[in-house]
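S.K.: Add chains F and L to chain Y, keeping to what the hints say.
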Amino acid sequence: MWTLFQIELFKIFRRPRTYIAFAAITALIGMVQLGLKVDGQEYASFVMADFNSSFALEGNLLNGYFVCFIVLQLLLVHVPLLIALIAADMISGEANTGTLRLLMSKPVSRVEFILAKYLASVVYTIMLLVWVALQALFLSMLIFGTDDMFIMKSSYAVLIKSGDVFWRYAGAFCFAALAMTTVAALGFLLSLFAENSIGPIVATMSVIIVSTLLSTMNIPLFNLVKPYLFTTHMITWKEFFDLRVNELNEAIPGSLAYPEKIKTSALILLIHIVVFVGAAAVIFKRKDIVS
Amino acid sequence: MQSLIQVSSLTKKYGSFTAVNELSFSVQKGDVYGFLGQNGAGKSTTIRMLMTLIEPTAGDIRIFDLPLSTHRKEILRQTGAVIEKPEVYPYLSAYDNLRLFARLSGVKLSRAQYMQQLEQVGLASRAHDKVKTFSQGMKQRLGIGIALVHNPQLIVLDEPTNGLDPQGIADIRNLLLWLSREQKKTILISSHLLSEIEQVATRVLIIDKGKKLVEGSAEELFDPSKTIVELQTNDTAAARERLIASNWAAHLRESTGNNIKLQMNRNDIPALNRDLVQWQIDVLSLQQQHSLEDYFLQVTAGKKHVDTFSN
Amino acid sequence: MRSFMTFFLLVIAATLQAQDVTVLVAKVKAKLDQVNDYIAEGKMKTDVAFIKAPVGKVKVYFRKPDRFKLQKDGGISILPKGGISINMRSLLTTERFLALDAGTQLLDGQTLRIVKLLPVEENSDVVLTTLYIDEPGLLIKKAISTTKENGTYEMEMQYGNFRQYALPDKVVISFQTKDYKLPKGVTLEFSDGDKPKTEAEKLRNKKGRIEITYASYTINKGIAESVFKQ
Numbered sequence: 131m132w133t134l135f136q137i138e139l140f141k142i143f144r145r146p147r148t149y150i151a152f153a154a155i156t157a158l159i160g161m162v163q164l165g166l167k168v169d170g171q172e173y174a175s176f177v178m179a180d181f182n183s184s185f186a187l188e189g190n191l192l193n194g195y196f197v198c199f200i201v202l203q204l205l206l207v208h209v210p211l212l213i214a215l216i217a218a219d220m221i222s223g224e225a226n227t228g229t230l231r232l233l234m235s236k237p238v239s240r241v242e243f244i245l246a247k248y249l250a251s252v253v254y255t256i257m258l259l260v261w262v263a264l265q266a267l268f269l270s271m272l273i274f275g276t277d278d279m280f281i282m283k284s285s286y287a288v289l290i291k292s293g294d295v296f297w298r299y300a301g302a303f304c305f306a307a308l309a310m311t312t313v314a315a316l317g318f319l320l321s322l323f324a325e326n327s328i329g330p331i332v333a334t335m336s337v338i339i340v341s342t343l344l345s346t347m348n349i350p351l352f353n354l355v356k357p358y359l360f361t362t363h364m365i366t367w368k369e370f371f372d373l374r375v376n377e378l379n380e381a382i383p384g385s386l387a388y389p390e391k392i393k394t395s396a397l398i399l400l401i402h403i404v405v406f407v408g409a410a411a412v413i414f415k416r417k418d419i420v421s
Numbered sequence: 007m008q009s010l011i012q013v014s015s016l017t018k019k020y021g022s023f024t025a026v027n028e029l030s031f032s033v034q035k036g037d038v039y040g041f042l043g044q045n046g047a048g049k050s051t052t053i054r055m056l057m058t059l060i061e062p063t064a065g066d067i068r069i070f071d072l073p074l075s076t077h078r079k080e081i082l083r084q085t086g087a088v089i090e091k092p093e094v095y096p097y098l099s100a101y102d103n104l105r106l107f108a109r110l111s112g113v114k115l116s117r118a119q120y121m122q123q124l125e126q127v128g129l130a131s132r133a134h135d136k137v138k139t140f141s142q143g144m145k146q147r148l149g150i151g152i153a154l155v156h157n158p159q160l161i162v163l164d165e166p167t168n169g170l171d172p173q174g175i176a177d178i179r180n181l182l183l184w185l186s187r188e189q190k191k192t193i194l195i196s197s198h199l200l201s202e203i204e205q206v207a208t209r210v211l212i213i214d215k216g217k218k219l220v221e222g223s224a225e226e227l228f229d230p231s232k233t234i235v236e237l238q239t240n241d242t243a244a245a246r247e248r249l250i251a252s253n254w255a256a257h258l259r260e261s262t263g264n265n266i267k268l269q270m271n272r273n274d275i276p277a278l279n280r281d282l283v284q285w286q287i288d289v290l291s292l293q294q295q296h297s298l299e300d301y302f303l304q305v306t307a308g309k310k311h312v313d314t315f316s317n
Numbered sequence: 007m008r009s010f011m012t013f014f015l016l017v018i019a020a021t022l023q024a025q026d027v028t029v030l031v032a033k034v035k036a037k038l039d040q041v042n043d044y045i046a047e048g049k050m051k052t053d054v055a056f057i058k059a060p061v062g063k064v065k066v067y068f069r070k071p072d073r074f075k076l077q078k079d080g081g082i083s084i085l086p087k088g089g090i091s092i093n094m095r096s097l098l099t100t101e102r103f104l105a106l107d108a109g110t111q112l113l114d115g116q117t118l119r120i121v122k123l124l125p126v127e128e129n130s131d132v133v134l135t136t137l138y139i140d141e142p143g144l145l146i147k148k149a150i151s152t153t154k155e156n157g158t159y160e161m162e163m164q165y166g167n168f169r170q171y172a173l174p175d176k177v178v179i180s181f182q183t184k185d186y187k188l189p190k191g192v193t194l195e196f197s198d199g200d201k202p203k204t205e206a207e208k209l210r211n212k213k214g215r216i217e218i219t220y221a222s223y224t225i226n227k228g229i230a231e232s233v234f235k236q
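Chains Y, F and L, in that order, are what the protein sequence lines are. Residue 131 is where the first sequence starts when you use our numbering, and the numbers rise one by one after that. Residue 7 is where the second sequence starts when you use our numbering, and the numbers rise one by one after that. Residue 7 is where the third sequence starts when you use our numbering, and the numbers rise one by one after that.
Certain hints may be false.
To be verified - Restricting the straight-line Cα-Cα distance to at most 30 angstroms, the calculated cross-link-like pairs of lysine-lysine (BS3-like) are: (1) K37(L) with K49(L); (2) K415(Y) with K217(F); (3) K91(F) with K415(Y); (4) K415(Y) with K79(F); (5) K51(L) with K283(Y); (6) K283(Y) with K213(L).
The hints are simulated quantities; they were obtained by calculation from the structure and are not laboratory data.
This is chain Y alone, in the form it adopts within the complex (with noise of 0.2 angstroms):
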């Protein structure tokens, strides 16, 4: 298990497909960080029109920690794409290039070999995850300093202290991790059957989108699914960014609005890479190669 597991990774880190992703990512946070260099204030000052109509806003608005949450909330729709890319050519990409019949003809056991494979990509995606805090965190607090972070929700707003932000974006980034690997569990199980890599890539780029469509639509027929589709529950790390309010209406630091809610979207994200991950195992065993 082990041994494939390092096999895997070594052959996921040789590969030039796995790059691109880690450059896609580069070159998005690299173009959301110059424009909000340049024309943040522009920016802020669109999105918070109806805000700034009765309120004066001072202070560093635009600092590292905003820029950051802006990244994430344009990043974290596509990159489920580019770990779809990786994700859901694990099997199908060997079955077309032929080595699954090698690999399968080779002592190990089907299910450690999923499990193995699974896991490698789940490092990838994490690794991937990495990558964008480096560069959406870190770098942003580099070039934008950090400050309170004041965010606009779709009913309000919420104001941050910046000395409690921080632990907020491990968590955000934790339950982004498990998001984007229950993404990667889809692709995975999408993967096995097809013999090409661009059917289960698009598969799952497909059901993304069509169930990131019926999580934003309003519409009382889908709203009845709404609950159960992971992509409803894979924005939730902003809930990281909420705060509890006392009786006074005084913001309490260090609180969760809905800590519920994490739990609640975690344990559904949690089933689904189960399920998605058994499922594959179990097909994967009874599976003829015939590739």
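M.R.: The following block gives chains F and L in isolation, referenced to the frame of chain Y:
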């Protein structure tokens, strides 16, 4: 002699389609076992079942006297395989590919040993080049290197010469002979080309539409007494009548158009010629066909009388 | 025409008493004028329905006549637009305002003189300011400003240790807030009913409030101009 592979009543069905039908055969230790059949005859399916890539619908496989279904790992550890085109990771070097698959087979060799293995298949000088720069022949050799790297007792090669040039085919043949004679390996080799099998195999199995047509030692199959002779005369109908009425009837195999085929001992050809002359039938051509090849083509093309070949 | 007459009568009536309240305002101002500058430290609480903000430390800088700065220990501060209400002093010039006596009112067991200040300048944002003055103490206890652009502000002040300088221990600013909503598409939120209805309702019916509680004042020690420029 100990049976290294013992296959009984092996069947694989895909829905209503039967790819492999009640196939039984055995491979003895030290055999170079030729597995012949046309494309789609069920060779690959059978080999994939031997390599646990495909689950049999029914039947039983024992390798090294162990049931494959329960001793998969032990068996595969002692088995090396090249299944169809030996595809490896194009973005890795030959060395890395070899090392990777060796570790999957449960062995960890020294650098020198890996290089020696690459040397054996003539790739030492390209050890650290990425495989995507390799020709088909080089990939094939690397595939065989991978199949041999963990020093297995049994080597399974599925169509190993597909897509190779004549030199490549000759190289593989020499390698197989060396493995068999010097290294005392047991080899199962499949092909749709008889010529490939003929020169190396000690035993031959021919299958068609998932069914066994014939199995036997190469010596038996090359028996001069079972030579196919093709006859062309000025009067095919008369010749056929005469032959049916004579002692040759038992040897008559087929008559299509102007051709009549007989199976007989090569040494009896002059006697047949004499009889035809006696019957005043002009012989246009009396040709000894290249033994197994035509027979193979014939039987696998769905012809009859195969039972006489079985043993 | 009728309203004009009313206004005219009011002005005449007012001028009769105006002398008194003008003097009162001038006295209040004089008391305030003892302070050339101060630096105050305290805590600010933002209590607005749709803002979740923690209580934060603030530092307030003032220098005569109208230099003012509120700094929230290096962080971000949310203030009602205009920011004028925090410092009433700029309003207290009888040259720019007409002061009218509007009687007295009992507030917290104390009789307070009500003074209405009408701006003389036409283009002033402030339309009307009503002051509730503690006459013996010469302290402004409450002020209500109606502005053209930014609605109505209400300020309440509590005095303690620094009452001799007319510097409050606590200032509460209340103001109207517009309803605030951002489309979910912008904030990328999926779920509905983020907040339980009751809480949302409770918050919506409230006015916005800013409370500043001062812990200390450093008075007349001089402040560099650069502080205000940042």
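S.K.: If a hint holds in the structure, say so; if it doesn't, say that too.
M.R.: We went through each hint and held it up to the structure:
The hinted pair formed by K37(L) and K49(L) meets the criterion: a straight-line CA distance of about 25 angstroms does not exceed 30 angstroms. In summary, the hint linking K415(Y) to K217(F) is supported, as the alpha carbons are separated by about 27 angstroms, within the 30 angstroms threshold. About 24 angstroms separates the Cα atoms of K91(F) and K415(Y), which keeps this hinted pair within 30 angstroms; it holds. For the proposed pair K415(Y) and K79(F), the alpha carbon gap of about 14 angstroms is at most 30 angstroms, so the pair holds.
With a C-alpha separation of about 20 angstroms, the suggested pairing of K51(L) with K283(Y) holds against the 30 angstroms cut-off. A C-alpha spacing of about 20 angstroms is found between K283(Y) and K213(L), which places the hinted pair at or below 30 angstroms, so the restraint holds.
Comparing the model with each earlier hint shows no violations; every hint is respected.
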